[in-house]
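All chains should be modelled from the sequences, with the hints used to inform the complete structure.
These are the residues of each chain, in order.
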Amino acid sequence: MTQGRLHTIVALVENRPGVLNKIASKWRQRGFNIESLTVGHSETPGLSRMTFTVDGAAHDIEQVTKQLFKVIEVVKVSDVSEEKVVARELALIKVNAAREDRGAIIEIGNMFRANIVDVGTDSLVLEATGNEEKIDALLSMLEPFGVRELVRTGRVAMVRGGTQTVVAPSTNGNERHFRSAGEGKPKLGSLI
Amino acid sequence: MTKLNGAEIILECLRKEGVDTIFGYPGGANLPMYDALPKYPDIRHILVRHEQAAAHAADAYARITGKAGVVWATSGPGATNLVTGIANAWMDSVPLVCITGAVVSWLIGRDGFQEADITGITIPITKHNQLVLDVDDIAPAIAEAFHVATTGRPGPVLVDIPRDVQQQMAEFKYPDRVELAGYHPTIEADPALVRRAAQAIDEAQRPLIIAGHGVVIARAADELKELAEKAQIPVITTLLGIGGFPGSHELYQGMPGMHGMYWNNIGIQECDLLLGIGMRFDDRVTGALKDFAPKAKIVHIDIDPAEIGKNVKTFVPIVGDVKAVLKQLVPQVKPARHDEWRAWFRRMREEHPSIAIPETDKLLPQYVIKKIYELSGPNAYYATGVGQHQMWAAQYFWGDNPYSFVTSGGLGTMGFEVPAAIGVQIARPHDVVWSFCGDGGFQMTLEELALCTEYELPVKFAIINNNYLGMVRQWQDRFYNGNKQSVRMFQPDFVKLAEAMGIQGMRVSDKAMVESSIEAALRHPGAVVIDFQVDEVEDCYPMMPPGVSLSETIEQPPVKQPEYAR
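In order, the protein sequence lines correspond to chains A and B.
All residue numbers for the first sequence refer to this note's numbering, where the first residue is 3 and numbers rise by one.
All residue numbers for the second sequence refer to this note's numbering, where the first residue is 6 and numbers rise by one.
What the hints contain is simulated information worked out from the structure, not anything from laboratory work.
Be aware that a few hints might be false.
[Claimed, not checked] Below 30 angstroms or equal to it, Euclidean Cα-Cα: the simulated BS3-like pairs (lysine-lysine) are:
#: 1; chain 1: B; residue 1: K302; chain 2: A; residue 2: K72
#: 2; chain 1: A; residue 1: K68; chain 2: B; residue 2: K489
#: 3; chain 1: A; residue 1: K72; chain 2: B; residue 2: K295
#: 4; chain 1: B; residue 1: K332; chain 2: A; residue 2: K28
#: 5; chain 1: B; residue 1: K302; chain 2: A; residue 2: K68
#: 6; chain 1: A; residue 1: K72; chain 2: B; residue 2: K318
#: 7; chain 1: A; residue 1: K72; chain 2: B; residue 2: K332
#: 8; chain 1: A; residue 1: K68; chain 2: B; residue 2: K318
#: 9; chain 1: B; residue 1: K230; chain 2: B; residue 2: K332
#: 10; chain 1: B; residue 1: K318; chain 2: A; residue 2: K78
#: 11; chain 1: B; residue 1: K315; chain 2: A; residue 2: K78
#: 12; chain 1: A; residue 1: K72; chain 2: B; residue 2: K21
#: 13; chain 1: B; residue 1: K315; chain 2: A; residue 2: K68
#: 14; chain 1: B; residue 1: K376; chain 2: B; residue 2: K516
#: 15; chain 1: B; residue 1: K315; chain 2: A; residue 2: K28
#: 16; chain 1: A; residue 1: K68; chain 2: B; residue 2: K300
#: 17; chain 1: B; residue 1: K516; chain 2: B; residue 2: K489
#: 18; chain 1: B; residue 1: K315; chain 2: A; residue 2: K86
[What the hints assert, rightly or not] Computed footprint of chain A on chain B; a stretch qualifies when at least three of its residues, placed anywhere within it, have a C-beta under 8 angstroms from a C-beta of chain A:
#: 19; region: 130 to 137
#: 20; region: 183 to 197
[Claimed, not checked] Far from chain A by the CB rule (all over 10 angstroms, computed), these chain B residues:
#: 21; residue: G33
#: 22; residue: G71
#: 23; residue: E120
#: 24; residue: G125
#: 25; residue: E275
#: 26; residue: D277
#: 27; residue: D309
Glycine included, each C-beta is placed from N, C-alpha and C at the ideal position.
Written out as structure tokens, the structure is:
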């Protein structure tokens, strides 16, 4: 596939079993490698919000977003790459922290507005939030001490200003809102 | 309100949807459904011999009736046997509702006997699928399945229901309407785009219509005819668009593409406006995309927004139901004559008679197919398999019976011909139904012949038997230095085989016997298998080799070396 730049795709999906599998299948069919994926609740009950970052040419991305929208449970898909967005990810970094290094690490953390969320005898866990570049920069500062463990959530994004990033279509006050089958019943594992 | 069990609820749903026929096969996980079946005598169950055939027969039934085809299968192997049939329906946008029994819910995910993750397996080949884990969800899930399968761009939907859920009791309540937040197919097109399309048509000197399966699915043949006649635009139909425009019409030009009419392939390269109506610019139609229709602006009408711009750059993109869009478009188009352009087609057709049959005493496959078309009357239906016989069947179809040609286009499923013809005959019990069979494809699904005897289906099977997997042999001859590998196989005696299934069998190897055998088959009240032992090495032309442009279509086969020299 043609390499393009990193795109941010936001999708609102019905919270039903198997949805993640269906969506992943559409990306796989088109040969995309997902750089990051986050899933969680949205402002609307019953709808989850997914944020993908993927590498690809604009035409390919457009095609795959159309394919994603064909998944019945996908309510809305937007490519927000051209929009002004707030984009953040969260990282937890477990770093070696011998007693003599602690002060330096805490100082670095402060510069990046990272919180110390756990202290061990020879380690610290930092929690940092920001865009990918900021997390990368923090990591490179911590690497000399020895990064033992790292977890990054991947990007979440929201369009700046009053407009909503993705909007679920109006249901005209219809209370049977987003699904007809088995509303409100607990499912064998939700979403996945 | 009285309570019903889940299986009865399934059948109540089918009744609500107006289903009169189910194609299926029983097994451990769908036994409650079969247990409930006698209480619904208005619903007929056709017992196939292999689940793949259930899906193909239901697929053909759906194409002919315009209703969703309904399929039942059990869990595990029953469900996985459906996969080819579901994929076939998916590729050709056919509405199917497949209801599979699943292992009891507490065994799901534990590799229970005959367990297969059929919802997982069918994700890429269904429009929608779901596993139902609560009896109260059955009715909404089936309502949703019919809604999704039959609206927008149709397609197969699978509902997987564990055996214990089929046995749970609940009140039956069918949803009045299905509301899905993420599913609102566009029917009427944007009027501004329709205006732009009309303007483009008015300005064109050499407009050309390629009509696809969308015209057939939307039953829009009349609207298409109105458009073509008003502006005098020549009409090409894709393989699946056959039957979407009257074959005898003077504007009709036949099929384009890999084995299409030579004049069409050149015509596409020469036109200045190409109207793709309910079609998807498949590679078998376009050839190399970079050289496709270089002089043309493209107006693309399709109900699936993902098809617009997928393969070709579009000048006017129109998303909507083909019938609705044509109704919007026709009044806005100015009457035109395009005399020169139509004369161009007439001249091309005289100079390049793509489907003229050579004079010979040999029994040529095209000759057999052409004779069947000539002798079967104006109301006959046809199903085909895949390969050379399919292409010839498409090339020589110039009939007027709308929506009467059923073939496996997108997936190209050999073996489709037998169960598909059975599905067509069930949908059209009083009409002549021919199955054009390859000798290879016929052997893939011939177990279904027994249905013709069991359900008194008078299907006429014409095996175009060249004793080769003909299309593969043609490619091996042409692109693999004549290295014919695994294309010749032991053949059973098809006449005896037919007789063993309770069907009349005939064998024809003499050209002089063709007409009388076809007439005898048409007179015979039951099913017939005719083994037409045709010339073994006849190739299918015109042919556009894979990967080249339409301009490089080869009109006639190269002069053949004698068989012993190859």
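These are the hints, each one checked on the structure:
1. B:K302 x A:K72: holds (27 angstroms)
2. A:K68 x B:K489: violated (43 angstroms)
3. A:K72 x B:K295: holds (28 angstroms)
4. B:K332 x A:K28: Distance of about 34 angstroms is beyond 30 angstroms: violated.
5. B:K302 x A:K68: holds (23 angstroms)
6. A:K72 x B:K318: holds (21 angstroms)
7. A:K72 x B:K332: The hint holds at about 26 angstroms.
8. A:K68 x B:K318: holds (16 angstroms)
9. B:K230 x B:K332: holds (11 angstroms)
10. B:K318 x A:K78: holds (25 angstroms)
11. B:K315 x A:K78: Measuring from Cα to Cα gives roughly 20 angstroms; hence the hint holds.
12. A:K72 x B:K21: holds (27 angstroms)
13. B:K315 x A:K68: Distance of about 10 angstroms is within 30 angstroms: holds.
14. B:K376 x B:K516: holds (11 angstroms)
15. B:K315 x A:K28: holds (15 angstroms)
16. A:K68 x B:K300: Judged against 30 angstroms, a Cα distance of about 28 angstroms means the pair holds.
17. B:K516 x B:K489: holds (27 angstroms)
18. B:K315 x A:K86: Holds. K315 (chain B) to K86 (chain A) sits at ~28 angstroms (cutoff 30 angstroms).
19. 130 to 137: holds (count 6)
20. 183 to 197: holds (count 7)
21. G33: Since the minimum Cβ distance to chain A is about 21 angstroms, G33 (chain B) lies beyond 10 angstroms and the statement holds.
22. G71: The claim stands: G71 (chain B) keeps its Cβ more than 10 angstroms from every Cβ of chain A (closest is about 22 angstroms).
23. E120: Given that every Cβ of chain A is farther than 10 angstroms from that of E120 (chain B), nearest at about 15 angstroms, it holds.
24. G125: violated (6 angstroms)
25. E275: At roughly 28 angstroms from the nearest Cβ of chain A, E275 (chain B) sits farther out than 10 angstroms, so the non-interface label holds.
26. D277: Holds, because the least Cβ-Cβ distance between D277 (chain B) and chain A comes to about 25 angstroms, which exceeds 10 angstroms.
27. D309: At about 8 angstroms from chain A, D309 (chain B) fails to clear the 10 angstroms cut-off, so the statement is violated.
Hints 2, 4, 24, 27, counting from the list given before, are not met by this structure.
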